[in-house]
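Under mature numbering (1 follows the signal peptide of the UniProt record, and there is no 0), the residues of the sequence shown are numbered -18 to -1, 1 to 441, in order.
Hints are computed from structural coordinates only; laboratory data are not their basis. Since we're looking at a predicted model, the values are computed, not measured. It cannot be assumed that every hint is accurate.
Unchecked claim - In the DSS-like style, the derived pairs of lysine-lysine whose C-alpha atoms are separated by at most 27 Å in a straight line are: (1) LYS372 / LYS168; (2) LYS194 / LYS167; (3) LYS194 / LYS79; (4) LYS168 / LYS194; (5) LYS406 / LYS69; (6) LYS79 / LYS69; (7) LYS328 / LYS406; (8) LYS76 / LYS263; (9) LYS300 / LYS279; (10) LYS167 / LYS76; (11) LYS372 / LYS193; (12) LYS42 / LYS390; (13) LYS279 / LYS313; (14) LYS193 / LYS79; (15) LYS406 / LYS79; (16) LYS406 / LYS194; (17) LYS313 / LYS328; (18) LYS263 / LYS279; (19) LYS326 / LYS300; (20) LYS372 / LYS313; (21) LYS69 / LYS168; (22) LYS326 / LYS313; (23) LYS406 / LYS130; (24) LYS263 / LYS42; (25) LYS263 / LYS300; (26) LYS167 / LYS372; (27) LYS79 / LYS130; (28) LYS69 / LYS390; (29) LYS406 / LYS193; (30) LYS326 / LYS372.
To be verified - Label pairs and their in silico Cβ distance ranges: (31) THR208 / ASP75: 42 to 52 Å; (32) VAL72 / GLN234: 47 to 57 Å; (33) ASN78 / LEU224: 49 to 59 Å; (34) ALA402 / THR208: 28 to 38 Å; (35) GLU48 / GLU139: 25 to 35 Å; (36) ASN78 / LEU265: 17 to 27 Å; (37) PRO213 / GLY320: 22 to 32 Å; (38) PHE276 / LYS130: 43 to 53 Å.
All C-beta atoms in this analysis are idealised placements derived from N, C-alpha and C, irrespective of residue type, glycine included.
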Amino acid sequence: MYILKTLLILVSVAQVYCKSQSLDAIGNFVRKYRESFNVSDSKFDQNSDVGLDIYHFLRKYKYPVETHWVETEDGYVLRMQRLVGGKNGVYSDKSNKPAVLLMHGLLSSAMDFVNCGPNRSIALMLADAGYDVWLGNNRGTTWSRMHKTLDPDNDPEYYDYSFETCGYYDLPAKIDYIIEHTDQKKIFYIGHSQGTSQFFAMAALRPEYNKKIALMSALAPVAYMTHMASPFPRFLAQYLELFEFLLVDVLQFHNLLPYSWIYTEFAKLLVVIERTFPQVKELSAITMFLLCGFNNKQFDRDLIPIILSNSPAGISTKMLLHYGQVIRSGKFRRYDYGVVNIKKYKSISPPEYNVSAITAPIAIYYSQNDFFAAVKDVELLVNQLPNVAKLRMIEDRRFNHVDYIWAKDVATIINEDVIATQNKYIPAEPPQDNSANTIFGKSVLYPIITMFLTVLLYQ
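Can you build the whole structure from these sequences, using the hints too?
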């Protein structure tokens, strides 16, 4: 109980600061403290990726990027980044490229799919391979904080969503938009962690969208969570009602850990401190390992400040509670509203997602050391999915939940396989009309006519 009280106090203090002008004071203090080491913005390593947002990052590495806005049925306005070509604009002029939508995990944004840089991040590798790459950002995260009528800074109703809502409204809007703007009949989908949860919710509740997916690649799929080993989510599930009462009813915290510019300042400070105290990297690594699984060999410590420059990106309290419900119930089911379930679902308990209705072909990638997507839980999911196109357990026994996007060797372990598997599902181009090459066509008539004209000219 002492740990719980301490945790809630820390969350409360952080949230109060995030809602007040004190955050600016903290950010300025961090900046001045960094500059006390004689490392101002002008002296900061100009070749460093630390502090870059997704647009500056992509432009630095010469990947052409567009911004696209998508409006959902319930009024949310979401931003997608589109990579219209590979490095230096290669494939920019190519038409009819296969389109792929990538969706990030919890507390993250589209930056997850690019921040390892060229030849390592999957979004950049896809662009270099000739794909039309679309990077999605869930509602409430850094790049998708708009609504037709609600203000995310002042209206608690804005945060009344979970991963199901992101699946039911956000994904269909994005999929339809991409299909309309690319003239593709189907698109590819790659989801990591929460990006898989919301896809499964969409495909189960809105099965008509299954036919719009050429192949879904599920990286560390999260549906059933009975055997998950990450300590904080298990702690959350154990004291779920208390968390909900304190966070929502008492403290009125509907949004947790939204992105702030202070993260960038902290990331820059971290780089400076690490020069004198390299042990700081180990503390960061241990924190990540406790949450996601230990894999010292694949964890890139130099990537930590780059990650922290853009994360966390925000999460609704309801999203967190929904995952807690899934953990505790042992079922992949809809949000539990308590006594309101009767009115909302016409049943006492929330219904489970009908996973057997998910007919889109799915490639599953999972691992033995994933603290969130445990092997037994993934296998339970696989046994119910009717169209598993590929099932691969990663050979590295220590591969963890975030290694799917940030491992040192992610390009060879994950990305190359994902791209090669997708390539098999690219629709074949329609056969060319060879009618002109018949006896009445060009191949026969052209030389005959040419010979006839030549004879006439020399008569």
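A quick look at each hint next to the structure:
Between the alpha carbons of LYS372 and LYS168 the distance comes to roughly 19 Å, so the proposed pair stays at or under 27 Å and holds. For the hint linking LYS194 to LYS167, the alpha-carbon distance of about 7 Å falls within 27 Å, and the restraint holds. In summary, the hint linking LYS194 to LYS79 is supported, as the alpha carbons are separated by about 16 Å, within the 27 Å threshold. Annotation: proposed proximity of LYS168 to LYS194 holds, straight-line Cα distance about 4 Å (limit 27 Å).
Taking the CA atoms of LYS406 and LYS69, the gap is about 24 Å. The hint holds against a cut of 27 Å. For a cut-off of 27 Å, the pair hint linking LYS79 to LYS69 stands: about 16 Å separates their Cα positions. Between LYS328 and LYS406 the alpha-carbon distance is near 43 Å, which puts this suggested pair outside the 27 Å criterion. A threshold of 27 Å between alpha carbons decides the hint, and for LYS76 with LYS263 the separation of about 43 Å lies outside it, so the pair is violated.
Between LYS300 and LYS279, the direct Cα distance comes to roughly 35 Å. Violation of the 27 Å bound is thereby established for this hinted pair. Distance restraint check for LYS167 and LYS76: the Cα-Cα separation of roughly 17 Å lies within the 27 Å cut-off, and the hinted pair is therefore satisfied. For the given pair, LYS372 sits about 18 Å from LYS193 by alpha-carbon distance, which is consistent with the 27 Å threshold. Using a Cα cut-off of 27 Å, the hinted pair LYS42 and LYS390 holds, with the two alpha carbons roughly 21 Å apart.
Annotation: proposed proximity of LYS279 to LYS313 is violated, straight-line Cα distance about 34 Å (limit 27 Å). Taken as a hint, the LYS193 and LYS79 pair is honoured in the structure, with Cα atoms around 19 Å apart against an allowance of 27 Å. Of the supplied pair hints, the one linking LYS406 and LYS79 holds, its CA atoms being roughly 14 Å apart against a limit of 27 Å. Pair hint LYS406 plus LYS194 holds up; C-alpha atoms about 17 Å apart against a cutoff of 27 Å.
Between LYS313 and LYS328 the alpha-carbon distance is near 18 Å, which keeps this suggested pair within the 27 Å criterion. Annotation: proposed proximity of LYS263 to LYS279 holds, straight-line Cα distance about 14 Å (limit 27 Å). As the CA atoms of LYS326 and LYS300 are separated by approximately 16 Å, the hinted pair is consistent with the 27 Å bound. Of the pairs offered as hints, the one joining LYS372 and LYS313 holds, with about 24 Å between alpha carbons and a cut-off of 27 Å not exceeded.
Using a Cα cut-off of 27 Å, the hinted pair LYS69 and LYS168 holds, with the two alpha carbons roughly 25 Å apart. For the hint linking LYS326 to LYS313, the alpha-carbon distance of about 19 Å falls within 27 Å, and the restraint holds. The suggested pairing of LYS406 with LYS130 is violated, with an alpha-carbon distance near 40 Å, which exceeds 27 Å. The hinted pair formed by LYS263 and LYS42 meets the criterion: a straight-line CA distance of about 26 Å does not exceed 27 Å.
Taken as a hint, the LYS263 and LYS300 pair is broken in the structure, with Cα atoms around 32 Å apart against an allowance of 27 Å. A C-alpha spacing of about 22 Å is found between LYS167 and LYS372, which places the hinted pair at or below 27 Å, so the restraint holds. Note on LYS79 and LYS130: the hinted pairing is violated, with a Cα-Cα distance of about 32 Å set against a maximum of 27 Å. Under the criterion of a C-alpha separation no larger than 27 Å, the hint pairing LYS69 with LYS390 is consistent with the structure, at around 21 Å.
Proximity of LYS406 to LYS193 is assessed by CA-CA distance (about 17 Å); at most 27 Å being required, the pair is judged to hold. Taking the CA atoms of LYS326 and LYS372, the gap is near 36 Å; set against the 27 Å cutoff, the hint is violated. Taking the beta carbon of each, THR208 and ASP75 are about 50 Å apart, inside 42 to 52 Å as hinted. Our hint of 47 to 57 Å for VAL72 and GLN234 holds, since their Cβ atoms are close to 50 Å apart.
At roughly 54 Å, the beta carbons of ASN78 and LEU224 sit within the given window of 49 to 59 Å. At roughly 32 Å, the beta carbons of ALA402 and THR208 sit within the given window of 28 to 38 Å. The given range of 25 to 35 Å is respected by GLU48 and GLU139, whose C-beta atoms sit roughly 31 Å from each other. In this structure the hint that ASN78 and LEU265 lie 17 to 27 Å apart at CB is violated, the actual value being about 49 Å.
Between PRO213 and GLY320 the Cβ separation comes to about 26 Å, which falls inside the hinted range of 22 to 32 Å. As the Cβ distance of PHE276 to LYS130 is approximately 45 Å, the hint placing it in 43 to 53 Å holds.
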